[in-house]
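Peer 1: Listed below, chain by chain, are the residues.
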Amino acid sequence: MSENYVHPEVLVTTAWVDEHRGDTRNLRIVESDEDVLLYNSGHIPEAVKIDWINDLNDPLVRDYIDVERFAELCERSGISPETTVVFYGDKSNWWACYAFWVFKLFGHPKCVIMDGGRKKWLAEARPTSTQTPVYPRARYAAPRKDESIRAFREDALRHSRALMPLVDVRSVPEFVGERTHMPEYPQEGVLRGGHIPGARNVPWARAANDDGTFKSRADLERIYLQEQKLRPEDDVIVYCRIGERSSHTWFVLTYLLGFAHVRNYDGSWTEWGNSVRLPIERKTTQPELAPA
Amino acid sequence: MSCESLNEIIATFQGADPELRLELLLDYAKSLPGLPARLREAGTLAAARVPECQTPVFLFVEAEGDKVRLCAEVAEEAPTVRGFVSILVRAFDGARLADLAEAPADLLQQLKLDHVIRMTREVGLSAILYRLKREAARLGGVASAAQTA
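Chains as they are written, first to last, in this note's numbering: chain A, 1 to 292; chain B, 1 to 149.
Chain A with its partners taken away, still in its complex shape (with noise of 0.2 angstroms):
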């Protein structure tokens, strides 16, 4: 089944995946999952583990790992810079587009996202394994950070002051700010609820189907495009409250519908609900979008 997603080749099957894990030189497949051990408790054979915590957060500031930890990374993993790597995932690859956004912060040249990720697979009952294999160690020279897919607290804020369009990608409870007494939660707890002045909210799973796939050009130009009124020209910043659903709609945003300036605001939920002065909305309405 072809898609006429703007960038179909971003994308690629359960069945393509199967027919060409065997060809390891040129293929990376990179498991990323919400639990670190969740890859240990089956993966594709051939796939390596890249968890979002230990292997692409650094460990003592909050932000991205540096350029040195990136190389590193994919050195070891037999990543070079010609290597196509193929990320997937648990919860309908939020942390497959967590991965490959990272990877396309450093510039990596090839990366594709297999639709449907872990779920998929499991369901159409295609082989796993429990050993971690081992690759030959690649060369990968220092590459370049380039943040242009990124956006910062100041962004956000900006972008809030100039009605410019902010999609806040939660659940409708957390958009709204509903309180959930969980004290057990304080990981990621944070002291408001609420969203950004101006944001629309549109759910991230509004743009999967239930078997973990992305949904077709039609029904998100429809969400996105129709209803939302965004357009692809828009210069757009989505947020969630760590960065991960909000990199499943980038990713659906800037390849399957073609925008070409959509930035993810990973600071997110968890930064703006816990800074100070910060200015916080709980109403529903649909904002207006300022005129282009």
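Hints in this document: simulated from the structure, not taken from any laboratory. The C-beta atom is built at its ideal place from N, Cα and C for all residues, glycine as well. Each hint should be verified, as a subset may be incorrect.
Here are the simulated BS3-like cross-link-like pairs (lysine-lysine), alpha carbons at most 27 angstroms apart as the crow flies [claimed, not checked]:
1) 229/A x 283/A
2) 67/B x 49/A
3) 120/A x 30/B
4) 110/A x 120/A
5) 119/A x 30/B
6) 145/A x 229/A
7) 67/B x 133/B
8) 133/B x 49/A
9) 215/A x 229/A
10) 110/A x 145/A
11) 110/A x 283/A
12) 145/A x 49/A
Simulated coverage check for chain B against chain A, where a stretch passes if three residues somewhere in it have a Cβ under 8 angstroms from a Cβ of chain A [stated by the list, open to error]:
13) 75 to 83
14) 119 to 125
On the provided structure of chain A, position chain B as indicated by the hints.
Peer 2: Below, chain B alone, put in the same frame as chain A:
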């Protein structure tokens, strides 16, 4: 019923190499007992209140005299959390309330899992342990107050 003592579990983890420790944690994840029927609905409701990108963890702590009854439900797709909670259930379900209240706060470090479970995850698991300890201490206080009444 006997529960594996926490010290025995810690000894097993400390005696294992890093790879085996992860396998042990996965084994514990697989062996977490299901919730009794009377708690299943409450578990589902609690899970529904959790923000999308946090692992739903449902803990049920009850006093039976000076003993604690402990059961839990954790999503299968979160084997790290499920494994850690399973260790706590194995060690403390049926144990003395005071033992749970005094469980070591640095349990993750003692299990030598802190090299893999870092930052946000470490905070999350510590929070689960802390909540259980606090609940056990509270129930223990209630129990002793009832005895002196």
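Peer 1: State for each hint whether it applies.
Peer 2: Taking the hints in turn, this is what the structure says about them:
1. 229/A x 283/A: holds (19 angstroms)
2. 67/B x 49/A: violated (42 angstroms)
3. 120/A x 30/B: Satisfied, since the Cα-Cα distance of roughly 22 angstroms is no more than 27 angstroms.
4. 110/A x 120/A: holds (23 angstroms)
5. 119/A x 30/B: OK: residue 119/A and residue 30/B at ~19 angstroms, within 27 angstroms.
6. 145/A x 229/A: Measuring from Cα to Cα gives roughly 32 angstroms; hence the hint is violated.
7. 67/B x 133/B: holds (13 angstroms)
8. 133/B x 49/A: violated (34 angstroms)
9. 215/A x 229/A: Holds, at about 18 angstroms.
10. 110/A x 145/A: holds (16 angstroms)
11. 110/A x 283/A: violated (41 angstroms)
12. 145/A x 49/A: Answer holds: residue 145/A to residue 49/A is near 22 angstroms, not above 27 angstroms.
13. 75 to 83: Holds, because 6 residues of the segment 75 to 83 of chain B bring their Cβ atoms closer than 8 angstroms to Cβ atoms of chain A.
14. 119 to 125: holds (count 5)
Hints 2, 6, 8, 11, counting from the list given before, are not met by this structure.
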